[in-house]
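*Asks:* Starting from the known structure of chain A, fit chain B onto it as the hints suggest.
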Amino acid sequence: MPSDFFLPDPEGQVPTTAGYFGAFGGKFIPEALVAAVDEVAAEYEKAKADPSFAAELDDLMVNYTGRPSALTEVPRFAEHAGGARVFLKREDLNHTGSHKINNVLGQALLTKRMGKTRVIAETGAGQHGVATATACALFGLECTIYMGEVDTERQALNVARMRMLGAEVVAVRSGSRTLKDAINEAFRDWVANVDRTHYLFGTVAGPHPFPALVRDFHRVIGVEARRQILERAGRLPDAALACVGGGSNAIGLFHAFLPDAGVRLVGCEPGGHGVETGEHAATLTQGTPGILHGSRSYVLQDEDGQITEPYSISAGLDYPGIGPEHSYLKDTGRAEYRAVTDDDAMQALRLLSRTEGIIPAIESAHALAGALEVGRELGPDGLLLVNLSGRGDKDMDTAARYFGLYDEGVAK
Amino acid sequence: MTGTIGLLNDVLAGARAENRAALVGYLPAGFPTVDDGVRAMTAMIEGGCDIVEVGLPHSDPVLDGPVIQTADDIALRGGVRIADVIRTVGEVHRATGAPILCMTYWNPVDHYGAERFAADLAAAGGAGCILPDLPVEESDAWRKAAEQHGLATVFVVAPSSRDERLAKITAAGSGFVYAASLMGVTGTRESVGREAQDLVRRTRAVTELPVCVGLGVSDAAQAAEVAGFADGVIVGSAFVKRLLDAPDPDSGLAAVRALAGDLAAGVRRHG
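Residue numbers (this note's numbering), protein chains in the order written: chain A, 1 to 412; chain B, 413 to 683.
Chain A with its partners taken away, still in its complex shape:
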């Protein structure tokens, strides 16, 4: 029986055996990790050929995660988007509150198959960390999460959630003390403990096979959404939008629509204080090709190839790299990417909260802000699909400070 939720190897869209999507991807890793990365690739190939793997994942997706996730039309929000119809793919309703659980459960099953007993992961906003800690609790795996110190402060709720779930959370104090540095530290741990440890990579970047593997576990987002919007709206959307940090929720949404030439695929990057200020993490619109964290893709770097420090109000998007398949989609023109500022994202966050009773994650709010722009460009005949990749509970401290929601004396 074919799987409902595990949809690997889309026809014509697999990377080369060396892990390339066009000029992007590959496997730039130290020799000490070659055997481990090859083991992940080999185990994944075996899992794809084993119906019991898909069956176990399907069961978890339905009975643990709560898939399929809802598709919600948001007419009061859409009034601000030029009158276009807007549908939200509700990945925020998944168990743990974001799309991250899709990939985590898949890789946790791979970890068990490889006989490894310990999992490490990086996290920015903490959503991947929470999902990983959750899966480790579920499967009885030891769990260490690396998180930049800046992010442990702005996402303190998620730090508490991970610790409640039994994970060790390590605050990383090197470099910019954000997601990039958390990944560096996770790689250092992996090199030293690779025998019994799986690095449960959280986005569609990293060395081959991670960009394809993580994508495959998230393809369910777009496959479900495509079916749902055809049922509800009677046609394909004019545009599908998602936020991009490393790019996992966006690739998950976009993939099912790649063959649908009439559907614009729009990735919304963190524009921070505005790309003209230099304080942003808009890798695809402002970066150049380079190598970071094991693959060739667009990166933010200086003329000596040093990675520059990114900035975004959103911890989950505050990353100077991007998954290689997005670089490929950008260069081929199949997807388009635009930068959304902190301020526009925060306004969209409040607008969705007050018009629809849905508080989105700041990450996802970047896609919502993009939808407001694209909706106005399309006008009242437009039909938009937006991936609401996560819920905003974790961001309430940041939002309360931004909008002045705390009573006097409460705010620190």
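Some hints here could point you the wrong way.
A short list of chain A residues far from chain B (calculated; beta carbon distances all over 12 Å) [unchecked claim]:
(1) Ala49
(2) Asn63
(3) His95
(4) Ala137
(5) Arg296
(6) Glu377
Per the computed footprint, the stretches of chain B lying under chain A, defined by three or more beta-carbons under 8 Å from a beta-carbon of chain A, are [claimed, not checked]:
(7) 461–475
(8) 537–548
(9) 592–606
Read the hints as simulated data drawn from the structure, not as lab findings. Predicted model, so just to flag it, every value in this text is computed and none were measured. By construction, the Cβ of each residue, glycine as well, lies at the ideal position given by its N, Cα and C atoms.
*Replies:* Same frame as chain A, now just chain B:
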């Protein structure tokens, strides 16, 4: 001017002829400043190192432990540029006549341009390059440039490398093979494990290249132990730590020179 791979080969052969291991020292360029770095590397050679690896500091040193991360941070915050690294290689080579390699991550070289980097390194008198995150499968462009400019391409092998990979890697490399003594990042360790000896044995079975062991070696006793089974001993973090811990530049130089002397005695003591 062509690179000095020949000099590197001669120095390694010379150590072998003396029935001892070669001593390879590492420091990042620009640490604590470009000029003080040149002085420290020169002191390493004068103290007894045969070969120096000049680190090109990188913003994301995923294979380095806290000691070298700290030094890289200091160098980058001090504004060190690739041109300064090339200048460091040239000045240390001219001052000492020793073979000088560059060690860095792939992105700075790739972004600078492999051909341009090889040409500039060779023009400065460099002997080769170690690029630990550039796997052999992705190394064609670099190796072509290196060969053309008389530079060695030193690959790293690890305890996890299977024998067939060791053969493939060493067949593509030149100069020497860098055998990582353990699974982990750079930094000093209490002991160098049996893993290193096993890796050297397996590497020697597939190549004629000298095999030098790095990661974790910090004192004369460890150097002597490694010299008992390897062609070279590579020491990095221990030198960096001497400079980090020094109250002033002069005592840092003295400490680096003294450590080089201790280690040089160590690599002659084995057997």
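*Asks:* For a quick check of understanding: which of the numbered hints are violated here, in increasing order?
*Replies:* 5
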